[in-house]
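S.K.: Keeping the supplied structure of chain A fixed, place chain B upon it in accordance with the hints.
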Amino acid sequence: MSRKTAWAAILDAAIVAVLLCMPLIVRNYYWLGAITFMLVNVLLTTSFWLVMTTGQVNLGHGAFAAIGAYISAALVAVYGFSSWLSLPIALAVAGVVALVIGVITLRITGIYFIITTIALAEVVRIVFGMWEHPFGGLVGLLNLRPPTPIALPRLPEIRFVSKPALYYLVLVFVLLGVGIVRRLHRSSIGLVFRGIKESDSLAEHVGVNTMGYKVLAFVVGSMCAALGGVLYTYMTGNIQPTSFTMVQANYYIVWAAVGGLATFGGPILGVAALNVLSELLRPVREYEPIIYALLLLVAMLLFKGGLMGAIRRIWDSAGKIGSKEEA
Amino acid sequence: MALLELHKVTKVFGGLVAVRDLDLSIEPEEIVGLIGPNGAGKTTVFNAISGASGPTSGAILFKGEDITGLKPHAIARKGLARTFQMTTIFSELTVLQNIRLGSHLVSNIGFWPAVFNTMKARKREGELYERAAELADFMGLSKRRNELAKNLSHGHQRSLEMAVALVANPDLLLLDEPVAGMSVEETSEMMTRIRKARERGVTILLVEHDMKLVMDVCTRICVLNFGAKLVEGIPREVCENKEVIAAYLGSEYRHTC
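Those protein sequence lines, which keep their order, are chains A and B. Here the working numbering is used: the first residue of the first sequence is 1, the next is one more, and so on. Here the working numbering is used: the first residue of the second sequence is 328, the next is one more, and so on.
Worth flagging that the hints you see were computed from the coordinates, not collected in a lab. Any given hint could be a false lead.
To be verified - Stretches of chain B that chain A covers, calculated by requiring three or more beta carbons in the stretch to come under 8 Å of a beta carbon on chain A:
no., stretch
1, 403 to 417
2, 420 to 429
3, 433 to 440
4, 568 to 579
Said to hold, decoys possible - Below are the DSS-like pairs computed for lysine-lysine, each with C-alpha atoms no more than 30 Å apart in a straight line:
no., chain 1, residue 1, chain 2, residue 2
5, A, K4, B, K450
6, A, K197, B, K477
7, B, K405, B, K447
8, B, K390, B, K477
9, B, K390, B, K405
10, B, K523, B, K539
11, B, K556, B, K539
12, B, K569, B, K390
13, B, K450, A, K197
14, B, K470, B, K523
15, A, K4, B, K470
16, A, K4, B, K556
17, A, K4, B, K477
18, B, K398, B, K477
19, B, K450, B, K477
20, B, K335, B, K398
21, B, K477, A, K304
22, B, K569, B, K539
23, A, K197, B, K335
24, B, K447, A, K197
25, B, K335, B, K405
26, B, K569, B, K335
27, B, K398, B, K556
28, B, K556, B, K523
29, A, K304, A, K197
30, B, K569, B, K405
31, B, K470, B, K398
32, A, K197, B, K470
33, A, K304, B, K556
34, B, K539, B, K450
35, A, K197, B, K405
If you're wondering where the values come from, they're calculated on a predicted model, not measured in any experiment. Ideal Cβ placement from N, Cα and C applies to all residues, glycine included.
Bound conformation, chain A alone:
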């Protein structure tokens, strides 16, 4: 193992260890709740970014979160399904919808694709707003019960009512979803995604079925979004047509871009940094969009590669100084 990969492995282990100990470190339930939300945002943003690595910006990402949230909530609240059966059904439905929409819309690229996905986000919002049964129309589905308790033989039943229990539940699913995104990105499939972004036509000519790979990224990204949507309902206990709109997808762009689009870690860093900032900005909440817009501009104009790019440059120059000392 090279020194670089060893450091990366230590960093991974440290992050997971801190995440596992979080409820012991953060005893305040308000903050623990905020951190749980942040984890959901990490999943939504990394999966949004995965689709971006193929060169497509999907502002309909939130629509898939809404589909996941609505399907799972309605199955549990209206039809009495178990949460653990409705979750995979919700993901499957989101996946099938993404497949159909992806095959149709991924032929177009750039700004045209973005416009189409804005329309998609709006259509989904309006459809759920008008669909009274079982989705509750404009009011949505409120006062959802917490996820179904898990009964294990000879062990106490696991309930998901308290903040720490919810935190761990969300953590498990987020690690799973983010782990899948990371594996894909770092595999040869991820390299193909990046190649398609650089040159769709060259990728085609070296034998890549670019449409197939774009659909793959879109479906995986959308299913992760749906998972994020389901976790959102666990956290808030409700889902409404306005929960995931196109505006929400703009936040994914800002989070990802401020963190840095070039690497897997960038968007995660962006979510962490800006969600903390959002909490600090709570007293002046109405100005948040303006501040976000300024940050996006600053990130794009001054910090090439976002926060992650800045850290890398510092790290590299520190490495150079270090190697000089050794010499």
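M.R.: Using the frame of chain A, we list chain B on its own:
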């Protein structure tokens, strides 16, 4: 059997006939030059063959199989590679990553092994990167292996493009102006590599305006003018042909041939 056969290939853009009833046949291990004035339809022919923009009518056979109207990736799968007139590389990827992507068709790593990064997938990945490094050396990029493609000089980018096209061992390689904008030394290096590529068993069809390269390297030349074939033959015949001199080469050319 001919490797590539074009039968009455025609391409129409709106009211403009870019290529008209072109017949062309390429035998294995030939280096065929496609030349002609700007706008004669050379790149259009390339796009029709590679599937980037299929012909309006006519048929294209590759290894005896009809490939007319197939998608580029399906045609690439049958053993056809190409480069572009405008340098086309994966600019934000490194030289090795570029060539590794070029070997997509021969990678033989399944979807799940790739996702789960199995031992077997890792071993295969190692082999593919080794092969990419070999190709980088072959194309004179050994010192640039880990550089981002966008930071290479124009000549190196052209070499990289060819490495990406060659790595999957294609049977036929289409080169669209491989030495455009290159220095004299770079051009002669490229000529050597084109010959070496043929020694590896690759048949080549190339479009080029550098007549020295065309006359030296090509075993046969086809001259296009206004979308139709003007003359076809060995270099000597072509450069002495009066029609070709009038349409393309110019009267001064005779002295150098």
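S.K.: For every hint, state whether the structure bears it out.
M.R.: Hints and how they fare:
no., hint, result
1, 403 to 417, "holds (count 8)"
2, 420 to 429, "holds (count 5)"
3, 433 to 440, "holds (count 3)"
4, 568 to 579, "violated (count 0)"
5, A:K4 - B:K450, "20 Å, holds"
6, A:K197 - B:K477, "14 Å, holds"
7, B:K405 - B:K447, "26 Å, holds"
8, B:K390 - B:K477, "36 Å, violated"
9, B:K390 - B:K405, "9 Å, holds"
10, B:K523 - B:K539, "18 Å, holds"
11, B:K556 - B:K539, "21 Å, holds"
12, B:K569 - B:K390, "34 Å, violated"
13, B:K450 - A:K197, "27 Å, holds"
14, B:K470 - B:K523, "21 Å, holds"
15, A:K4 - B:K470, "22 Å, holds"
16, A:K4 - B:K556, "58 Å, violated"
17, A:K4 - B:K477, "25 Å, holds"
18, B:K398 - B:K477, "27 Å, holds"
19, B:K450 - B:K477, "29 Å, holds"
20, B:K335 - B:K398, "20 Å, holds"
21, B:K477 - A:K304, "16 Å, holds"
22, B:K569 - B:K539, "19 Å, holds"
23, A:K197 - B:K335, "36 Å, violated"
24, B:K447 - A:K197, "28 Å, holds"
25, B:K335 - B:K405, "22 Å, holds"
26, B:K569 - B:K335, "25 Å, holds"
27, B:K398 - B:K556, "26 Å, holds"
28, B:K556 - B:K523, "29 Å, holds"
29, A:K304 - A:K197, "19 Å, holds"
30, B:K569 - B:K405, "39 Å, violated"
31, B:K470 - B:K398, "35 Å, violated"
32, A:K197 - B:K470, "26 Å, holds"
33, A:K304 - B:K556, "51 Å, violated"
34, B:K539 - B:K450, "44 Å, violated"
35, A:K197 - B:K405, "24 Å, holds"
Checked against the numbered hints given earlier, the structure breaks hints 4, 8, 12, 16, 23, 30, 31, 33, 34 and satisfies all the rest.
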